[in-house]
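Participant: Throw the hints in and build the complete structure from the sequences for me.
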Amino acid sequence: MSVDVDVTFPRIIRSEFIKLRTLRSTWILLGSMLVLFIAFGAIAALATTGQIDDGRGGPPAALGLDPVTTVLAGAGFAVLIMSVFGVLAGAREYGSGMIRTTLAFVPKRLPVLWAKVLVLIGLVIPVAVLAALGAFFLGMAVLTGAGEATASLSDPDAQRVLIGTAAYITGLSVIGLALGIAMRSMPGAIATVIGGVLILPALLTVLLPESWRSVLKYLPSNAAAPFTEVKVRADMLALTPGIIVFIAWVVASLVVAGFLFARRDA
Amino acid sequence: MIEVRNLTKQYGSVTAVDDISFTVEPGKVTGFLGPNGAGKSTTMRMVLGLDRPTAGSVLVNGQNYRDTAAPVHEIGALLEAKGFDKARSARNHLIALAASCGIGITRVDEVLAMVGLNEVARQKAGGFSLGMGQRLGIAVALIGDPRIVMLDEPVNGLDPDGVLWIRHLLRELAEEGRTVFLSSHLMSEMELIADQLIIIGRGKILADTTMSAFIDSWSTNRVRVVAPGIADLEPLLSTGSTSIVIESSDTLICSGIDAAVIGQTAFAAGIILHELTPLSVSLEEAFMELTKDSVQFHTGENAA
Chain C
308 MSVDVDVTFP RIIRSEFIKL RTLRSTWILL GSMLVLFIAF GAIAALATTG QIDDGRGGPP
368 AALGLDPVTT VLAGAGFAVL IMSVFGVLAG AREYGSGMIR TTLAFVPKRL PVLWAKVLVL
428 IGLVIPVAVL AALGAFFLGM AVLTGAGEAT ASLSDPDAQR VLIGTAAYIT GLSVIGLALG
488 IAMRSMPGAI ATVIGGVLIL PALLTVLLPE SWRSVLKYLP SNAAAPFTEV KVRADMLALT
548 PGIIVFIAWV VASLVVAGFL FARRDA
Chain Y
4 MIEVRNLTKQ YGSVTAVDDI SFTVEPGKVT GFLGPNGAGK STTMRMVLGL DRPTAGSVLV
64 NGQNYRDTAA PVHEIGALLE AKGFDKARSA RNHLIALAAS CGIGITRVDE VLAMVGLNEV
124 ARQKAGGFSL GMGQRLGIAV ALIGDPRIVM LDEPVNGLDP DGVLWIRHLL RELAEEGRTV
184 FLSSHLMSEM ELIADQLIII GRGKILADTT MSAFIDSWST NRVRVVAPGI ADLEPLLSTG
244 STSIVIESSD TLICSGIDAA VIGQTAFAAG IILHELTPLS VSLEEAFMEL TKDSVQFHTG
304 ENAA
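Protein sequences appear in the order of chains C and Y. When the count follows my numbering, it moves up by one through the first sequence with no breaks and lands on 573 for the last residue. When the count follows my numbering, it moves up by one through the second sequence with no breaks and lands on 307 for the last residue.
Just so you know, the hints here were simulated from the structure itself, not pulled from any lab data. Some hints here could point you the wrong way.
Covered by chain Y, per the in silico footprint, the following chain C stretches (three or more residues, Cβ under 8 angstroms) [stated by the list, open to error]:
hint: 1; region: 326 to 340
hint: 2; region: 413 to 422
hint: 3; region: 447 to 458
Cβ coordinates follow ideal geometry from the N, Cα and C atoms, glycine included.
Facilitator: Written out as structure tokens, the structure reads:
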């Protein structure tokens, strides 16, 4: 065999894509994200219009949100599922010992990490965009049918939040991957990404006094608020700083993961 | 060719590999023998760059493994029998790995047939027996047509057929001029398979020799002599190359001297012999003898 068997970056990407493609859990997670995101939007829209009631004949209380927020009610689930997907893409090989086989094939380590990140982004972005658009159109159709207020896709707020939500989902999946690589354990990394990145900041924001907001607004989920929420909140960062801070979190998680991955014994 | 130079690996305060140097040459089967925990796997992981040496270096065909352009063509390795994702089929496992160096499906199916897994190639690897897992690992090792084949405990879990098969395979690979390096903790296995022998114990090289030289050096005949007048006999025997170990007040173990010569000497001096027994050492015993101080996990009463 005198064929070219050099390791190249496109080949590593292909290898990492095949690895994810050949796991059923990949399609289960992507599929459930798509379905739940859209279904929750539709359910929220039905609830707003009173087509689903609270059991006492009236529409559930505490709704009356703007239409974009309503139809994107499933975004939280999507974020959760895709963070787990990211962790799986990063930590799963450590659970099986496959990582050592991988690194025997590709001993230069960082290209393996970058390939994993690119493949993850390549899978998550289209599904997240599709899910957000699906939730938007189905939800708006429900609202239109009931004669409720709707938003159109040409609305700048709708565009900002749709793109922002898809980006936020993708970014958190990348943070999940970075944590998975850094911690080398699925349970540990899942607990960290859900507890530390999604729940803790929200909890602290509610529990700590107002004066802490100036610090808390820099946490990942809060930094994402200006591009994932319709209403611009005064106690959060403005749009551009929010985008920069969120990207900084994603990059920082990758730098830490890359440093550990490159230096540590596999 | 694998060149290991002054390689050391410490995990905290534990020195797993202690300043070892050896060369594994092409065209031969080199056995890497040592008790469990002797440092075999650690050394192999450092060859592949999976573990970072605390000191020293390894060259793979003259290069640092990480710097090779086509790693799979340099070394094909089997390090752990379960180094695959349980949920993926054997074939997809190979396809994914092979893609990283541009190897296609034709070659994947070829090596699957070579290791006898073609019938189960589409089943989830998680359902494989240890022996099937080993075969899959060997398929992974062979896929890049490597110049070095490095296998950690390859016969573990293989059935007798599989053991025979792997012996033939390794012999063939060596005859094709490849470097074949395999580890085992069983001397009996090495005896049948290896040309060259590197014995490691507690992270240190205890022997680096050809298998035949090792056999020769340990098959020097020893003779047990039991005689009441042992004190008179001992000075008569201790000449030249003979070495004598006094076991008890009436027992000697002599080596480097024939039983016939001992009998003759005793007769000439009028010393009565109660026993004159040639002792032969099996290679397994020789290996145990060599590594007895370096076994990490003694069993039973000898527990360390």
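Participant: Confirm or reject each hint.
Facilitator: Hints versus structure:
1. Residues of the region 326 to 340 of chain C lying with their CB closer than 8 angstroms to a CB of chain Y number 5, which satisfies the three-residue condition for coverage.
2. A stretch counts as covered by a chain when three or more of its residues have a beta carbon under 8 angstroms from one of that chain; for the region 413 to 422 of chain C and chain Y the count is 3, and the coverage holds.
3. Counting residues of the region 447 to 458 of chain C whose CB lies closer than 8 angstroms to any CB of chain Y gives 0, so the stated coverage by that chain is violated, three being the minimum.
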